[in-house]
Structures are given as structure tokens and as C-alpha cells.
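Could you put the whole structure together from the sequences, leaning on the hints where they help?
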Amino acid sequence: MNMGVLRTLPLTPPHGKFPSNFGVAECLSNRGGFVSKSSQFRVLAKTEKGEKGDKEEPKKTKQSLFSSVTEALDFSQTRSVEDALLIEDAREATKSGEKMSREQYGALRRKIGGTYKDFFKSYWMGNMWKKAGWTKRARFARKTQGVSQGKWTNLEDMFMWRVWRNRNLATFLPDFSQDEEREHGACIVYLISQSLTGDAIRCLSFIAIIAMACNVQSLCLIFSITLSMLLGPNFAGASSIGVCYGMVANNLPPPREVIDMYTSNQIGRMRLYDPNLEAFEALRNTAIEVLVGVRNEDLQQLANSYSAAQNWIATYITPYSHQIQFRYIAVGNEVIPGDSAQYVLPAMKNLQNALGNRGIKVSTSIATSVLGVSYPPSAGAFSQDTMEYMVPIARYLNSIGAPLLANVYPYFAYIGDTIDISLPYALFVSGKVVTDGRLSYDNLFDSMVDALHAALGKAGAPQVQVVVSETGWPSHGNGMVTTPANAQIYNSNLISHVLSSRGTPRRPGNSTETYLFSMFNENMKPGAAVEQHWGLFHPNKWP
1 MNMGVLRTLP LTPPHGKFPS NFGVAECLSN RGGFVSKSSQ FRVLAKTEKG EKGDKEEPKK
61 TKQSLFSSVT EALDFSQTRS VEDALLIEDA REATKSGEKM SREQYGALRR KIGGTYKDFF
121 KSYWMGNMWK KAGWTKRARF ARKTQGVSQG KWTNLEDMFM WRVWRNRNLA TFLPDFSQDE
181 EREHGACIVY LISQSLTGDA IRCLSFIAII AMACNVQSLC LIFSITLSML LGPNFAGASS
241 IGVCYGMVAN NLPPPREVID MYTSNQIGRM RLYDPNLEAF EALRNTAIEV LVGVRNEDLQ
301 QLANSYSAAQ NWIATYITPY SHQIQFRYIA VGNEVIPGDS AQYVLPAMKN LQNALGNRGI
361 KVSTSIATSV LGVSYPPSAG AFSQDTMEYM VPIARYLNSI GAPLLANVYP YFAYIGDTID
421 ISLPYALFVS GKVVTDGRLS YDNLFDSMVD ALHAALGKAG APQVQVVVSE TGWPSHGNGM
481 VTTPANAQIY NSNLISHVLS SRGTPRRPGN STETYLFSMF NENMKPGAAV EQHWGLFHPN
541 KWP
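Mapped onto the UniProt record's numbering, the consecutive letters of the sequence shown carry residue numbers 1 to 543.
I should point out that these hints are in silico values taken from the structure, not numbers from a laboratory.
One thing to keep in mind: the hints can contain errors.
In silico DSBU-like cross-links for lysine-lysine, where the CA-CA straight-line distance does not exceed 35 angstroms [to be verified]:
#	residue 1	residue 2
1	525	349
2	361	458
3	541	525
4	361	349
5	432	349
6	541	361
7	525	361
8	458	432
Okay, here's the thing in C-alpha cells:
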């Protein structure tokens with residue numbers, strides 16, 4: 001394991017980075033499915049300010065403890081969307097001094113796998129790490145046995161099993177300030193990278209839970225990506241996630257600081273919507289792979305003039321190609337159908353020819369609205385309005401070995417048909433399976449991607465891969481559908497799904513290269529209110 005990727009993170013107390021109210025606990029010997037290669041290691045634990053570790057645990061009331069638990073366990077994998085909404089409502093209610101409802105308390109119990117009192121007693125008593133495990137109740141014993149035998153895949157069950165079995169998660173404590181969260185997150189990455197072995201996907205899912213448990217909302221995604229880097233290049237899904245860097249805002253950090261964020265958080269791929277030279281300068285000599293776009297307004301000139309295409313390559317690619325890893329060039333974004341659709345393929349051909357043997361592939365980024373039929377996925381086909389453009393584009397991509405770039409948004413599909421599409425199905429949390437012949441779908445994302453695969457096959461390009469050039473879930477702007485909780489559920493489950501290399505039912509076993517939209521909330525994006533709330537980070541660089 002190469003620990004060099006953690007060089008910028010304050011990992012141990014000698015760095016002088018951690019607040020004075022953090023203590024150190026030792027890990028007990030580990031047995032079972034997740035084992036540590038070392039017998040013990042340091043874990044940071046938060047103690048009460050102004051109190052010593054040997055003082056008696058303060059008595060907690062049902063109401064005040066509920067507030068602490070919901071703050072400490074702010075991870076998204078609840079048993080249902082309804083439970084997630086109940087817990088979110090309860091957190092808001094407790095802030096204003098209101099009492100939780102019976103339904104909200106029930107959602108909390110279902111989330112943590114027992115009573116809140118039992119949960120706190122399992123690891124925190126008298127401001128010291130409690131080495132006695134969970135109270136051995138029959139229900140929990142059955143659950144932990146199921147997890148250890150691989151029969152339980154629910155993330156909250158894995159979380160509970162980990163707490164009970166290894167007793168080393170002193171990091172799960174409530175009420176962190178923002179500064180403490182930043183340093184705490186660094187410790188979390190170190191703890192997990194050192195202590196978890198075995199199934200890589202479970203490790204990735206688990207680190208997402210830990211990050212969210214500390215109220216580090218969007219950073220859970222970044223920590224997942226970081227851990228995938230730690231697991232090494234042989235982990236198939238590790239290089240399949242990127243993040244879109246949109247700039248339609250007047251309050252964003254300068255590009256150099258943004259590139260530093262990508263680098264420090266180990267985000268290995270970036271989508272740029274146009275050749276921004278300031279961003280290019282900052283990208284020099286980084287390991288970030290770049291999907292760069294051609295502006296829609298430039299398509300006509302590039303289509304009509306090969307010399308214009310040569311000049312575009314000479315201006316934006318040649319000066320940087322030895323120091324920037326260009327992955328694809330997206331010739332237009334969601335141009336088809338539209339007035340400029342006729343220019344897409346000629347511009348693609350001119351640019352590909354101008355690139356020569358640089359090894360960079362051109363494509364175009366389309367919306368799923370190019371499909372006339374999308375359900376069932378096997379019936380996927382391009383619409384009559386787009387077929388005259390998409391069929392030759394698909395065949396050209398097939399001839400040069402390039403993928404089709406597609407912006408895939410289960411959110412928009414769901415709000416367009418809330419009768420036939422359920423929210424859990426869109427958020428990767430549905431227990432139901434939708435069958436399409438011999439294929440089975442448990443999420444809307446795979447269904448939408450496979451509809452594109454089917455359309456490509458009907459267009460005579462069955463070998464063309466689909467790269468998801470945008471996907472995400474807004475955190476605000478459309479009532480209870482667009483909440484931070486739902487955005488967390490979608491993004492974290494998408495990350496786990498892509499990194500699993502499960503692929504889609506139609507293309508199993510191949511990780512779907514995917515770009516999350518987007519790095520920041522963009523306050524100048526036109527359209528509905530949701531358009532400004534897709535970011536993993538706020539402009540102040542805080543999640």
C-alpha cells in the first residue's frame with residue numbers, strides 16, 4: 001500500500017493539528033471478516049471539553065441524546081427513503097427544542113439497529129473508550145453473525161457489526177465543529193486504510209459511512225475515492241470516477257485552488273466544459289485525466305474548416321499535451337437535437353484528424369432525450385428527430401474506438417414520471433427488481449445506461465461503450481425530493497455501484513466510467529432553482 005497519497009493529511013497527534021480535547025485509544029485484537037494486519041494502532045477520540053476521562057458519564061435524557069445520535073450518525077443508508085426523511089425532520093425539530101415523534105424515534109431505532117441508549121453504551125462511557133462490547137441481545141447476535149458470513153450487505157448492519165466486533169471506532173462521536181471535522185476526517189482515512197482488509201467494496205462503503213457519521217457530507221465521496229487509490233491500481237473500479245468542474249458562477253475559488261482540491265482529495269479525473277487556459281496552467285504536471293469540451297458556438301466553424309480544427313488543436317491541446325493527460329474531447333454538449341446538430345459529426349472528424357496519433361479520442365456529450373424509447377431498456381432506440389445524427393455518430397465512434405458520452409440523470413427521469421418510477425428506485429435503495437426479459441434491474445441508473453447501449457446496438461454500433469459524462473442529484477430547489485439527504489443517498493450509492501465494477505445488466509463486469517456533477521454549486525446557472533444546487537462543495541470549498 002502506497003501511503004504517499006496521504007502526505008498532505010495530518011495523521012497523528014505529533015503534527016500538532018488536533019484539538020486538545022482529543023484522546024488516544026488502543027485497538028483491541030481484531031478477529032472476523034475485517035482484520036487488521038497490525039495488532040494495535042492509534043485512534044482519536046473526542047472527550048468532553050473541560051472534563052477528565054475518569055469522570056462519570058453524564059446522564060442523558062431521551063430527547064437530548066436523540067439530537068446527539070442524529071448528529072453523530074448522519075449517514076444516508078437508512079432502511080427506506082421514508083426513514084431518511086423522518087430522521088431529517090427530527091434533526092431539524094430537535095434544533096428548535098421540539099420533541100421527536102414516535103415515528104421519528106422508530107426510524108432512528110431502525111437505523112442504528114437497537115435503542116439509542118444501547119448504542120451509546122456500546123462505545124462511550126465516562127468519557128473513556130469502553131472495551132466491553134455491545135449488549136449481547138439475541139437480535140443483534142443474529143445480525144452480526146449474518147454480516148460475518150456475508151449474508152448481510154446492508155451498510156448499517158456492517159457498521160454495527162464493526163463497532164461490536166473490533167471496538168476501535170472511537171471516531172464515532174457527535175457534535176464536531178467544522179475545524180475539528182477537517183482534522184477528524186484525515187484521521188478517518190488513516191484509520192480505515194490501516195485497519196480494513198478483505199472485500200474492497202465493503203471498505204469503500206464503510207469509509208463513506210464514517211465520513212457521513214462525522215457530518216462530513218460530500219467529503220464521504222472524496223474519502224471513498226481516496227481509499228480506492230490506497231487500494232492500488234489493481235482495483236478495477238478505482239479509476240472510474242471523476243468530477244465535473246463547472247464555472248457558471250461568480251464566487252468560485254481560482255482554478256489553481258480548485259486543482260489543488262482535486263489533487264489533495266485524490267480525484268483522478270475532471271471534466272472541463274471548455275478549454276480554460278487558467279485551469280490548463282494549473283493542471284500541468286498533475287496526474288488528473290481531463291475530459292475537455294468544445295464550446296457549442298464553435299461547432300459550425302470547426303465543422304466547415306479543417307484549418308480551424310487544426311488551429312483549435314494547436315491552441316488548446318499541443319502546448320499542454322506533454323504535461324496534461326487529455327482523455328477525451330467532447331465536441332459539443334447536449335447539441336442533439338438542435339440547430340447545431342448537423343455540425344457535430346463533421347467537427348468531430350476534423351478534430352480527430354487534426355489530433356493525429358496523440359491517442360486522444362473525440363466524442364460528443366448527449367442527453368438521454370436523444371432516445372425515442374427508453375423503457376424497457378432493451379427497447380432503447382434513438383428518436384426520429386435524432387436518428388439522422390446519432391446513427392452516423394455512433395458508427396463513427398465505433399470505427400475509431402471511442403465511447404459515447406452521455407449525461408444520465410435519474411433525478412430528471414423520476415420527476416418526469418413519479419407515477420411509474422419510484423424514488424427508491426432512482427436512489428439505488430429499492431428492494432424491488434424490474435425485469436426486462438432475462439435481465440433484472442434494481443436501479444434507474446443502470447436502466448438508463450442500458451437503454452443507450454440498446455440504441456447503439458440498433459444503430460449498428462454494439463461495441464461502443466457509454467461514458468456517463470454527468471450525473472448527480474440536486475440538494476435543494478424542488479421540495480423534499482431535492483434534499484441533502486437524498487443527494488447523499490444517490491451520490492454515495494452511485495460511487496459504491498460504479499466502484500464495484502459490477503457494470504450494468506446488459507454490460508456486466510465492466511465499470512461504467514462516470515463523472516459526478518459537479519464540484520461546486522454554481523450560482524449563475526440559468527433555469528429552475530435546482531440548477532444551482534448540484535455541487536459536492538460550496539464555493540468556500542466546504543462540503
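When the hints from earlier in the document are held up against this structure, which numbers fail?
-> 5
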